[in-house]
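S.K.: Chain by chain, the residues:
Number of protein chains: 6
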Amino acid sequence: MTDGTMAAMRECYRIRQAPYYLETGDEVAVFEAAYAARLPVMLKGPTGCGKTRFVEHMAYRLDRPLVTVACHEDLFASDLIGRYLLKRDETVWEDGPLTRAVRMGAICYLDEVVEARKDTTVVIHPLTDNRRTLAIDKTGEVLIAHPDFVLVISYNPGYQSVLKDLKQSTRQRFIAMDFDYPAPDLETEIVSREGEIDRETAAKLVTLAGKIRNIREHGLTEGAGTRLLIYAARLIRLHVPVREACRSAVCLPLTDDERLQETLGDLIDDLF
Amino acid sequence: MTDGTMAAMRECYRIRQAPYYLETGDEVAVFEAAYAARLPVMLKGPTGCGKTRFVEHMAYRLDRPLVTVACHEDLFASDLIGRYLLKRDETVWEDGPLTRAVRMGAICYLDEVVEARKDTTVVIHPLTDNRRTLAIDKTGEVLIAHPDFVLVISYNPGYQSVLKDLKQSTRQRFIAMDFDYPAPDLETEIVSREGEIDRETAAKLVTLAGKIRNIREHGLTEGAGTRLLIYAARLIRLHVPVREACRSAVCLPLTDDERLQETLGDLIDDLF
Amino acid sequence: MTDGTMAAMRECYRIRQAPYYLETGDEVAVFEAAYAARLPVMLKGPTGCGKTRFVEHMAYRLDRPLVTVACHEDLFASDLIGRYLLKRDETVWEDGPLTRAVRMGAICYLDEVVEARKDTTVVIHPLTDNRRTLAIDKTGEVLIAHPDFVLVISYNPGYQSVLKDLKQSTRQRFIAMDFDYPAPDLETEIVSREGEIDRETAAKLVTLAGKIRNIREHGLTEGAGTRLLIYAARLIRLHVPVREACRSAVCLPLTDDERLQETLGDLIDDLF
Amino acid sequence: MTDGTMAAMRECYRIRQAPYYLETGDEVAVFEAAYAARLPVMLKGPTGCGKTRFVEHMAYRLDRPLVTVACHEDLFASDLIGRYLLKRDETVWEDGPLTRAVRMGAICYLDEVVEARKDTTVVIHPLTDNRRTLAIDKTGEVLIAHPDFVLVISYNPGYQSVLKDLKQSTRQRFIAMDFDYPAPDLETEIVSREGEIDRETAAKLVTLAGKIRNIREHGLTEGAGTRLLIYAARLIRLHVPVREACRSAVCLPLTDDERLQETLGDLIDDLF
Amino acid sequence: MTDGTMAAMRECYRIRQAPYYLETGDEVAVFEAAYAARLPVMLKGPTGCGKTRFVEHMAYRLDRPLVTVACHEDLFASDLIGRYLLKRDETVWEDGPLTRAVRMGAICYLDEVVEARKDTTVVIHPLTDNRRTLAIDKTGEVLIAHPDFVLVISYNPGYQSVLKDLKQSTRQRFIAMDFDYPAPDLETEIVSREGEIDRETAAKLVTLAGKIRNIREHGLTEGAGTRLLIYAARLIRLHVPVREACRSAVCLPLTDDERLQETLGDLIDDLF
Amino acid sequence: MTDGTMAAMRECYRIRQAPYYLETGDEVAVFEAAYAARLPVMLKGPTGCGKTRFVEHMAYRLDRPLVTVACHEDLFASDLIGRYLLKRDETVWEDGPLTRAVRMGAICYLDEVVEARKDTTVVIHPLTDNRRTLAIDKTGEVLIAHPDFVLVISYNPGYQSVLKDLKQSTRQRFIAMDFDYPAPDLETEIVSREGEIDRETAAKLVTLAGKIRNIREHGLTEGAGTRLLIYAARLIRLHVPVREACRSAVCLPLTDDERLQETLGDLIDDLF
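Residue numbers (the working numbering), protein chains in the order written: chain A, 1 to 272; chain B, 1 to 272; chain C, 1 to 272; chain D, 1 to 272; chain E, 1 to 272; chain F, 1 to 272.
If you are wondering where the hints come from, they were derived from the structure by calculation, not from laboratory data.
Some hints could be false.
Computed cross-link-like contacts, DSSO-like style, restricted to lysine-lysine with a CA-CA straight-line distance of at most 30 Å [as the list claims (entries may be wrong)]: (1) A:Lys167 x F:Lys118; (2) F:Lys167 x F:Lys138; (3) A:Lys167 x A:Lys204; (4) A:Lys167 x F:Lys138; (5) C:Lys211 x D:Lys167; (6) C:Lys167 x B:Lys167; (7) C:Lys167 x D:Lys167; (8) A:Lys138 x C:Lys118; (9) B:Lys211 x C:Lys167; (10) B:Lys167 x B:Lys211; (11) F:Lys167 x F:Lys118; (12) C:Lys118 x C:Lys138; (13) B:Lys167 x A:Lys138; (14) E:Lys118 x E:Lys138; (15) D:Lys118 x D:Lys138; (16) B:Lys138 x B:Lys118; (17) C:Lys118 x B:Lys167; (18) B:Lys118 x F:Lys118; (19) D:Lys211 x E:Lys138; (20) F:Lys138 x D:Lys138; (21) B:Lys118 x C:Lys167; (22) A:Lys167 x A:Lys138; (23) D:Lys138 x E:Lys138; (24) D:Lys118 x F:Lys118; (25) D:Lys118 x D:Lys167; (26) B:Lys204 x B:Lys167; (27) B:Lys167 x A:Lys211; (28) F:Lys138 x F:Lys118; (29) B:Lys138 x D:Lys118; (30) A:Lys138 x F:Lys204; (31) B:Lys118 x A:Lys167; (32) C:Lys167 x C:Lys138; (33) B:Lys138 x C:Lys138; (34) A:Lys118 x B:Lys167.
Pulled a few chain E residues facing chain F out of the computed Cβ check, cut under 7 Å [claimed, not checked]: (35) Leu62; (36) Glu73; (37) Asp74.
Covered stretches of chain D, as calculated for chain E (at least 3 residues, CB under 8 Å) [what the hints assert, rightly or not]: (38) 72–82; (39) 223–232.
Using N, Cα and C, we set each Cβ at its ideal position, and we do this for glycine too.
For reference, chain A alone in the conformation it holds in the complex (with noise of 0.2 Å):
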């Protein structure tokens, strides 16, 4: 690969916006000195309280390509590392995500790695310890990462089963940051600039999710993340009567259990 292809491909992942993220804590600090060391990161925290943003955000402020992996239980370690493909009659080599952050020095993102499957543990090994190296069977290619490549996962323990445990052999090859929902001042900031509406709208919105996260009844395994805020937000931009809008952007996505939406629509009752 030329220097002139593997910038191009930098560019590719360069997040060019500063993405809206709001501290909340010493976490940028924390990053930062691991990123410095070069230490491996794992995320912890539940769904929609804002861990994809943030890497998002330390990939723009520390000027870093970022490649991002949606994992599943059906993601072979294949998946990363790349395939061959048929292009005009001709098998061509194609790196997979991982391997292209490999080359050219991104943070690569593994989002929920429980969820892939177990052969991964061949690829993230070698990359989190003093070796920092990727090997290609296919090709017989063994790379040694970039300087500036780090590997960071996410994942939430809230709805880990122990088969999705991760080993403490992978575990221990991290460090580890967690995160939880931002404070109402910040996230009322963050849903009345992303959802486009007034703060005392957006204030209530988050009071409500304060609320609901506060439930721990059955049923409920997690509470309303920021995103279905701004959903909400939305729609009440576009019209939909303030209720209705709660009630389909926040309270019907968590549960199908019909006794706590009628909790939860009481909460929307005592706020609007």
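Dock chains B, C, D, E and F against chain A, hints included.
M.R.: Leaving out everything else, chains B, C, D, E and F in the frame of chain A:
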């Protein structure tokens, strides 16, 4: 793809005739707002309550092509995205239904999405957040969705098992709308019109369905959908005796439990 | 496909001789109405009660070709739709049985459909609602069903497990008809005619079957179907002693339980 | 296939020498009647009681070629039907054992058929009702069975689990015959002749087997078959001490349970 | 295959040096009789008691080539029979180990046969009854076994689960011989000779093993085999302190249970 | 393979710099004796206690190349042995990591071997007894191991399930050595040196780890390995506050249990 072939394909998936649909609440307004904001939508409700018809109605109303996929437990992401076909000794790429929808700006409707294999996550996530992209691994292409594209999914909360629940990180990417059977007046209107029988008989069929839907005994996991009432109406119109038509079209399809069939039979006898 | 080859194929699947069938209720009228309205039909009933024969009878009566597929747990949608075959170094597309039925306007009978793999859903659904289409993924073709096509499925409520139940969203696409063993007079007539023995012996065989069908002890999940009575008749006609013929053709096939065999043996001894 | 090659193939599967078989009841007459009526036959009985030998005997007696397939849990329908083989860069179709039997009018014997994969249903059903056809999907051919073809299956009721039971819709397509170990006199005759030892020792071995077959203790799911007695006889003839021969050939193969082995050892000590 | 290449292959599998083996009973005589009668043999016994060595010894003694296959749960019949290989763009058939043994008249030893996939049944059965044939499906060849061929299998009754038991219809095709650890004198001789240490130390190691084999506590499913004693001897000879050698070579490999390790440690302390 | 390319490959896998390793007992002497006798070695111990570093150390000390493979549940024998690759339309054989090690006389280290698929048995067994061979099925080659080759495996007794236990017939082929965390003095030395911080802070980190390793409460299956202490040290050196560094690098990676995190937090507060 030329503009011409794109237009032809859109034509292919356009709903030509206004689907018969009677509004039951403000679901049309909410969907229109969601579509205006390009928010992904999740339709929840029992079998046969009109979710599919509603999507057809909205596609017609918004004048968008509609691509429908019935999901099942052997449906892989690759079935949605596309594959290479052998045509006269040449390998030709053939877009899958989702890819087609993404290219032409259609509404893509994944019916009973929880049934599909979990690797569909990888296509759903980047299409339902600010990225709005679809990566076609096999060709190396990354599609940016047409501005008019939006994803709609349906699922039936009534018969989901723990194993087949949508992950929170997927759920919290959708506005949700819940559906139920139409109100008696509306349903009578529908059955009379689609089954081509008089309103009086139609009303009786709807009354029967209402009674059945109130039974929550062992084994009857769901009530009879509107389609079954229309089936009964059509049999009656073709001179099948009304009790027999109800039994064949409404009761027998619902359950194999003999006791329940007796109860259902009694309901018919009471009405006709 | 030319009109000529289509006609030839129809001829291939036509039932040439009137199948021997004795009506037991108004099942013929209901089926005719369902077919006139092109409603899909589900036949429910125990093994050997005549469901398959009934479909053959109706196909003959309606003068439609009949395509029958015995479903099993390794039957995939692709087995129904078709595949590419290698013929003298050429790949040739070969329609599967369902595709053939859809093209020529046949009755397609999926026997014991719950046994099949779940991806058959994807072919059943669009063929049983107002779309009436069959998508052939591998060739990219979307077939609109011939106006005379209709889908018929059968299944046996007696031995379905929870895992093998039809989904409500599939069930509620069919008119259902339930079948049981023919009444004694009818069955005697059938056994005498098909087994080529005198009515008196046939009547005794039917009495034996009636007694067996009333046993609902541990292990005897189903009674003896009419086919087994015909088998017994044929053995008797070939001079196998009557008790031995009953044991071999009627009792031994039903169960491996020794105690039950004794009970069945006593029933034979009482009768002959 | 020319008549000549067909004749050659039949010759291949013909039983040339009369298999040694001693009749124990009227099983020969029943089988002959079933064959005359071309009824499919199911042989039930414990391991080593002579089912396979009986089929060989009948094939010889009826002068029909015999094709035997030992079924197992990785046997698919395609293993029975045939496949394309690569021979010197040419793909050549090769009939599987069942297809060969269907073409030449052989008796096809599927030994322990419940062990096979369930897609074998699709080949068994149309060959065992009035259709008598075999569809070869891969070539698109539909074979009508030779008039002399008949299907025979065996299975052992002793060690079937619920999972491995034959479906009623399959069972009720066969005449059944049950087999047990031969009577002592007959078995002595067999062991003496096949094991090439004197009748007295043979009789003792049979007595031993009889005692073992009466034990129904924990772990001894089946008694010793006749083959093991013949093995013992052959070892004795080659000067292995009689007790040791019995232990090696009759007791040790049956079970790994040490207590049971002691019991079996006591039986040997009592007799020899 | 020419006689020359056959002879070369036999040479390849011939045991050239007399394997060191000390007879413990009349196992040699029984095996010789079984081989003379060409009866298949099953060797039962715990890990490391000398079954493999015994087969090597008998192969040497009978001057027959020996083909050994270690079975495992991913071993399919095709791994035994052979496959087509691509060699410089040509497909060449390559016999598997069993096929080679059948052709050249070797003893074929399937070690821990219950571990293999169940389709191995299809190759074992016709090779162990009067047919003595091996069908090579992929080439269409049916091999008649060389007159000197015989099949030997081993298995360890100690750790078989219900799922991994040999079927009775397979078991009852073999003469069985059971093995146990050698008597102390013999084992001392073996350890001293193979481990190259003095008889006194060897005797102590054997005493240790004897004590360990008598422990039947929770977790210790098997005792230490002779090989581990030889390992200990070799470490001692290379100046590892005797207690440490015993711990590393005899105790630690056996179990991960800490309490059991303490018990084993006490046994070492008592002896050395 | 020429001597030159072999030498180049050995160079590739040679450990160039002395890995930092502090001896904790006589593990070096035992390993040297085992290597001198070419006995296979099994390393047992918890995550992060230095097993991998020890192997690197020994490979450096013995001046042998080291080939390391991280095993996982989708690792098949073929991944170890090699495969055919398509390179510019040519199929070229590519040795897998084990094959390379066997050819060049390397130490081959299979990390967490129990995780791998069971067909690895077939490669492990003949390489760990007197045969010392590796059969490469796909090329038909049988490699005799280089005299300097030896196999080393590791596994962690702490989190093995019954399903993932090594079979006794595999275990009893290895000398075993058990590892634990280094003694406090040694570990302080290591952390100070590798984490580049003062000994006092390093000692405190080691004290923290010691306390954590003594907790055996619900959920904490393993203590913190030395690597995590080094991570903490590096963060501290980059000015992350010490408590935060400990939390991110030592506590959060270990467990998702909130109560345990509180306990771990208290331990930090007590120390710093």
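S.K.: Against each hint, give a clear statement of whether it holds in the structure.
M.R.: Consistency of the hints with the structure:
1. A:Lys167 x F:Lys118: Distance ~20 Å between lysine 167 (chain A) and lysine 118 (chain F) Cα, so the pair holds.
2. F:Lys167 x F:Lys138: Given that 30 Å is the threshold and the Cα spacing comes to 26 Å, the pair holds.
3. A:Lys167 x A:Lys204: violated (41 Å)
4. A:Lys167 x F:Lys138: Not satisfied, since the Cα-Cα distance of roughly 33 Å exceeds 30 Å.
5. C:Lys211 x D:Lys167: holds (22 Å)
6. C:Lys167 x B:Lys167: Answer holds: lysine 167 (chain C) to lysine 167 (chain B) is near 22 Å, not above 30 Å.
7. C:Lys167 x D:Lys167: Holds. Lysine 167 (chain C) to lysine 167 (chain D) sits at ~22 Å (cutoff 30 Å).
8. A:Lys138 x C:Lys118: Not OK: lysine 138 (chain A) and lysine 118 (chain C) at ~34 Å, beyond 30 Å, violated.
9. B:Lys211 x C:Lys167: holds (22 Å)
10. B:Lys167 x B:Lys211: violated (35 Å)
11. F:Lys167 x F:Lys118: Roughly 10 Å separates the two Cα atoms, so the pair holds.
12. C:Lys118 x C:Lys138: holds (18 Å)
13. B:Lys167 x A:Lys138: Between lysine 167 (chain B) and lysine 138 (chain A) the Cα gap is close to 33 Å, so the pair fails against 30 Å, i.e. violated.
14. E:Lys118 x E:Lys138: holds (18 Å)
15. D:Lys118 x D:Lys138: holds (18 Å)
16. B:Lys138 x B:Lys118: Answer holds: lysine 138 (chain B) to lysine 118 (chain B) is near 18 Å, not above 30 Å.
17. C:Lys118 x B:Lys167: holds (22 Å)
18. B:Lys118 x F:Lys118: Within the cut-off at roughly 27 Å; holds.
19. D:Lys211 x E:Lys138: violated (45 Å)
20. F:Lys138 x D:Lys138: Holds, at roughly 28 Å.
21. B:Lys118 x C:Lys167: holds (20 Å)
22. A:Lys167 x A:Lys138: Holds, at roughly 26 Å.
23. D:Lys138 x E:Lys138: Roughly 16 Å between the alpha carbons, so the hint for lysine 138 (chain D) and lysine 138 (chain E) holds.
24. D:Lys118 x F:Lys118: holds (27 Å)
25. D:Lys118 x D:Lys167: Holds, at roughly 10 Å.
26. B:Lys204 x B:Lys167: violated (41 Å)
27. B:Lys167 x A:Lys211: Status holds; Cα separation ~22 Å.
28. F:Lys138 x F:Lys118: holds (18 Å)
29. B:Lys138 x D:Lys118: violated (34 Å)
30. A:Lys138 x F:Lys204: violated (46 Å)
31. B:Lys118 x A:Lys167: holds (22 Å)
32. C:Lys167 x C:Lys138: holds (26 Å)
33. B:Lys138 x C:Lys138: Satisfied, since the Cα-Cα distance of roughly 16 Å is no more than 30 Å.
34. A:Lys118 x B:Lys167: holds (20 Å)
35. Leu62: violated (20 Å)
36. Glu73: holds (5 Å)
37. Asp74: Holds - the Cβ of aspartate 74 (chain E) comes within 7 Å of chain F, reaching about 4 Å at its closest.
38. 72–82: The restraint on the region 72–82 of chain D holds, since 5 of its residues have a Cβ under 8 Å from chain E and three suffice.
39. 223–232: Result for this restraint: holds, n = 5.
The structure does not agree with the numbered hints 3, 4, 8, 10, 13, 19, 26, 29, 30, 35 stated previously, though it agrees with the rest.
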